[in-house]
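Chains as they are written, first to last, in numbering that gives the first Met the number 0: chain W, 0 to 124; chain Z, 0 to 124.
By construction, these hints were calculated from the structure, which means they are not laboratory data. Check before you lean on any hint, since a few could be wrong.
Which copy? The list can't say, so a pair holds if one copy fits it or any two copies do.
To be verified - Straight-line C-alpha distance at most 25 Å; calculated PhoX-like pairs for lysine-lysine:
#, residue 1, residue 2
1, 45, 13
2, 13, 105
3, 51, 105
2 protein chains.
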Amino acid sequence: MSPDVVIFVCTTCKREGDAPEAPRAGAALAEAATATPGPFRVQPVKCLSSCKRGPAAAIVRPGGWSYVFGQLDIESAPEALQQGAALLGGSVDGLMPWQGRPDVLKRNMVARIPPFDFTPPEATP
Amino acid sequence: MSPDVVIFVCTTCKREGDAPEAPRAGAALAEAATATPGPFRVQPVKCLSSCKRGPAAAIVRPGGWSYVFGQLDIESAPEALQQGAALLGGSVDGLMPWQGRPDVLKRNMVARIPPFDFTPPEATP
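All chains should be built: construct the whole structure from the sequences, respecting the hints.
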């Protein structure tokens, strides 16, 4: 299991339109993602504060950019998340490359966050 | 200047309803945040991929949770972001405490992301 990238999946996310008492779509996504073969650790978490855009997941690499995705499909997202984690883990600049990225990780971005010590390329000597 | 927390402000964010050719609200927010007194570094960035929810900013602390906020007000957000950075920087568990948090940093959350090595408290021995 690669230690360099982790996939966080929110377990409390509802899907838009789901009844309040329905089983949480996020829990189903976390279960599916955990069961999906792939080298990257899947860590369920209680809330990614993307409640309006659930089910949500994040991909995090130390020293790289972090990504949050929303409105994920339970069947197809787990494999896409593993693919995104591989792309992020293999990137030289710490950004998830656009080319080769699964469509859902292009269309369903909620946010991306730079690493703590990020300074724009144009600002470096 | 405290090195422990950084505030990223997206410079390309538009405000909902702004004309395409209007000056970018994000650039104005970044300028206002940079000019606002406070101990925490403000780092303009080109895109936080929160384009539908701009103007957007993120607060990042190494080893802590990262936060993204959207639909920020140019006049009031800079001070709120400094307050949020102070709260995050001073927290023991790496989470930005709810109590004492400026209202805009409660209402306008876009996402929060755990630190890379996060495991839920209940999962630790």
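Within, between, both or neither, where residue 45 and residue 13 count as close if Cα-Cα is 25 Å or less: within (12 Å within a copy, 31 Å between copies)
Within, between, both or neither, where residue 51 and residue 105 count as close if Cα-Cα is 25 Å or less:
both (18 Å within a copy, 14 Å between copies)
Q) Using 25 Å as the alpha-carbon threshold, which applies to residue 13 and residue 105: within, between, both, or neither? A) Cα proximity of residue 13 and residue 105: in one copy and across copies (21 Å, 19 Å).
Hint compliance for this structure: no hint is broken.
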